[in-house]
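Chain residues, written in single-letter form:
Number of protein chains: 6
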Amino acid sequence: MPIPKAARESLTTMTEMVLPNDTNTLNNLMGGRLLHWMDICAAICAQKHAHRTVVTASVDNVSFAEPIKLGNIVTFEAQVTRAFTSSMEVHIKVSAQNIAAGEAEVHTNSAFYTFVAVDQRGKPIEVPPVLAETDEEKQLYDSALRRRQLRLVLAGRMKPQDATELRALFSA
Amino acid sequence: MPIPKAARESLTTMTEMVLPNDTNTLNNLMGGRLLHWMDICAAICAQKHAHRTVVTASVDNVSFAEPIKLGNIVTFEAQVTRAFTSSMEVHIKVSAQNIAAGEAEVHTNSAFYTFVAVDQRGKPIEVPPVLAETDEEKQLYDSALRRRQLRLVLAGRMKPQDATELRALFSA
Amino acid sequence: MPIPKAARESLTTMTEMVLPNDTNTLNNLMGGRLLHWMDICAAICAQKHAHRTVVTASVDNVSFAEPIKLGNIVTFEAQVTRAFTSSMEVHIKVSAQNIAAGEAEVHTNSAFYTFVAVDQRGKPIEVPPVLAETDEEKQLYDSALRRRQLRLVLAGRMKPQDATELRALFSA
Amino acid sequence: MPIPKAARESLTTMTEMVLPNDTNTLNNLMGGRLLHWMDICAAICAQKHAHRTVVTASVDNVSFAEPIKLGNIVTFEAQVTRAFTSSMEVHIKVSAQNIAAGEAEVHTNSAFYTFVAVDQRGKPIEVPPVLAETDEEKQLYDSALRRRQLRLVLAGRMKPQDATELRALFSA
Amino acid sequence: MPIPKAARESLTTMTEMVLPNDTNTLNNLMGGRLLHWMDICAAICAQKHAHRTVVTASVDNVSFAEPIKLGNIVTFEAQVTRAFTSSMEVHIKVSAQNIAAGEAEVHTNSAFYTFVAVDQRGKPIEVPPVLAETDEEKQLYDSALRRRQLRLVLAGRMKPQDATELRALFSA
Amino acid sequence: MPIPKAARESLTTMTEMVLPNDTNTLNNLMGGRLLHWMDICAAICAQKHAHRTVVTASVDNVSFAEPIKLGNIVTFEAQVTRAFTSSMEVHIKVSAQNIAAGEAEVHTNSAFYTFVAVDQRGKPIEVPPVLAETDEEKQLYDSALRRRQLRLVLAGRMKPQDATELRALFSA
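Residue numbers (the numbering used here), protein chains in the order written: chain U, 2 to 173; chain P, 2 to 173; chain X, 2 to 173; chain S, 2 to 173; chain E, 2 to 173; chain A, 2 to 173.
Calculated directly from the structure, the hints in this document are not laboratory data. The beta carbon of each residue, even a glycine, is placed where N, CA and C say it ideally should be. It is possible that part of the hints are untrue.
[Stated by the list, open to error] Which residues of chain P face chain S? A partial, calculated answer using Cβ under 8 Å:
id: 1; residue: L20
id: 2; residue: P21
id: 3; residue: N22
id: 4; residue: P68
id: 5; residue: G103
One chain only, chain U, in its complex shape:
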């Protein structure tokens, strides 16, 4: 089994400026464009952990609570949370700021993307386990199991009643 690597070694920061073609008629960033950027940042992060080509396996539920405006600067921070053989879960946080107007940065979104490391022919290949060091990293590492069960249930690859981590949540 590969030697574990610290979660923080995969930290990836990306910055984008919202241009006219990224916005709808209200001058707000379109959700799909944001999902596209998040995927690129998270994929680079997963590559840093695996040192392999990676392909997107899934994205968990993402909600868009805060509008991001034309001209805003969008910052992405991604880090792996946990690996499962050849797959890696990446946590990505998004914030936006109207810097020119001197406004404060606003946290707008966060999401979990999952990637699979593959070899040159596209076959899955084992990746290093993730070493969680800080409290936040440990909390994300532990809860990764529950999110993974939810993904398997939603993909129809696990029966809800077998998802022991999830069941605990829903039984009062």
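We have chain U already, so just place chains P, X, S, E and A on it with the hints.
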């Protein structure tokens, strides 16, 4: 309350060709690009139902089981499933085909996007209820409530034990 | 000779949203962008008929009577009309709609593109004949001959006096 | 009536490099991309003549005889041929060259685009007549009338039998 | 005069993936694309310092010693070095890495961009002085004067013999 | 040694229209976009001289004195000035015009880019010397040596005191 509109009136079909810039080094369509296209198609679909500007509120878990190759033709079919005051859930199905090689079309993904209809100042505004007519439309209409509870739980806006539709799933 | 295929099997629907970079300083869609989209939709349609790589051979006269505005949804519908050995004529209809404002869809353009099916080395290869079934399909099938003569005359590959189908038009 | 302007004053040269996203799976420039570039070059040319915003009114039949390859340099040369009140016909010639391989430049296409000059509200506005000086300019000026009749006939705005310039062509 | 701000407060990190359209026929990143990305990252950095809209005033000599390949991850790090009334000099460092192949990151370029902060009508407006704290920041702060003289000389706005900082360099 | 080629044989003209995505929030063309276009035009020019694939080696100091607005037409004119074994210096002049408003063309920038001609494996390869014919070409040819020394000094590959051409400038 606005007059209900049939789900099928919102049917939106979109077609894209996978170009080099959409692919990774394995010549596979990148997940983020697909999420971007799905958002555009689903947004047009929601606009057709609401006849209003719409903004993406969330996307549910999407998994990418089938690689889509450079040069493939990707087809998107979106239809609203149910409306909740000012928000609409859209179901979108994606398929891909290497037409030039005479291969059969492959269903690759499906997802649920949620949109909110807004007025000129960006304030939410009521949309027509959805009229489900076919069996598939009715099944999607009914299950929309469960998906909505999952979204609220995942966004931290509903306690798991209050999500009655979900709890039923996880209690054997 | 390949087995004939019904015209309707090639039906291709494409949808685009007009973004800022597609427009001129009056916020109208630029003609060249529309021609680009029409070519992509028509090429996919020709691919569906031929199940081969196709290359654009020509586009007939296109006129732009109706301005299409920023934010409008543009819908393309393409179908093959007739095949001539390795070439196919595709009829494409364009309509535009300001959906968010609740306006009706407007037919804006139609055009005929011609494609040639080619093998891996770029050599022309025979395609199935087109089976015209509806009255409109039959009318387009019959008139394809006249349009083909006009193309050959305009390309300097046929003498006007040999274009019997065209001559009939111009002799009172 | 505005003072006539020499055709050569509108001469516009544009150069493009064929990038991966402009090509099909055979690494040939897609026809629609070429039509897009031709429209931009011709529009700039018409603007130079009219010193007004211009909108594309039509493009005449274009045929694509020579494939243009990835990495080629494409050169466009556009010049107005004749004005009709508020509309201008632009002649555009396209050539391509694999410069890096030391190959000769190849003439690949030519086309006629028509533009209408408009004021700030989009209303047509008169443009200067065109002064044809060289033999080629005079030949293009004279034949513009025949092309205009063909456009009107094809758009259903002139009866074939009234197109006297065209009828002469088809009656042996 | 505005309160000085620490150089490190303007630190901006940007990450890009080299896609096919960014490369030449040798699959190397084109220099112009890199200059474009550097400008965006440096502009965001200058915005962070000034909290104003900024416009590019100049870029100093940039040399491209190391080729950057298709699929590489390019990382940009920008920080202001010194302010001169309404203008700011930004130092930007670029490195590239073939992460998937497990190769080490390579420093490929560095450059100095200059920006001017402007108000809503585009008029220059004063910005905070820069507080250099680390040794590298102090060295960059001090040498900024010499680079500024070179810019003025090259722009023909200062006579070489008046550029005292530069003269010292060239007199043995 | 290859046969010398006249500078004017490399003359390359490029025209671009400023679109929304090329501009900042003041509707001015972003500097990085301009640098990108200049690099493409200069690279084509160097290719014309060398008849080889070329890679950008450096760009000299560029200053942006004149804002270029949305909708303006930008014209680039590039010509080689001098060759040094496998490298070529290209002079590029940029002008912009609001043609639709009938404004005069404004010279906005000029710059010197340097390119290296390479073979299929990316190895430098000799190019023809440049034949300067007009007075301007001769002046650019002669001063190329001084600019080359400045580049070498700035890249740390020549000591300032060895740059004899530069020293002459700074010693009153």
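Against the structure, the hints come out as follows:
1. L20: 5 Å, holds
2. P21: 4 Å, holds
3. N22: Holds, about 5 Å.
4. P68: 17 Å, violated
5. G103: 14 Å, violated
In the structure shown, a violation is registered for the earlier hints numbered 4, 5, in ascending order.
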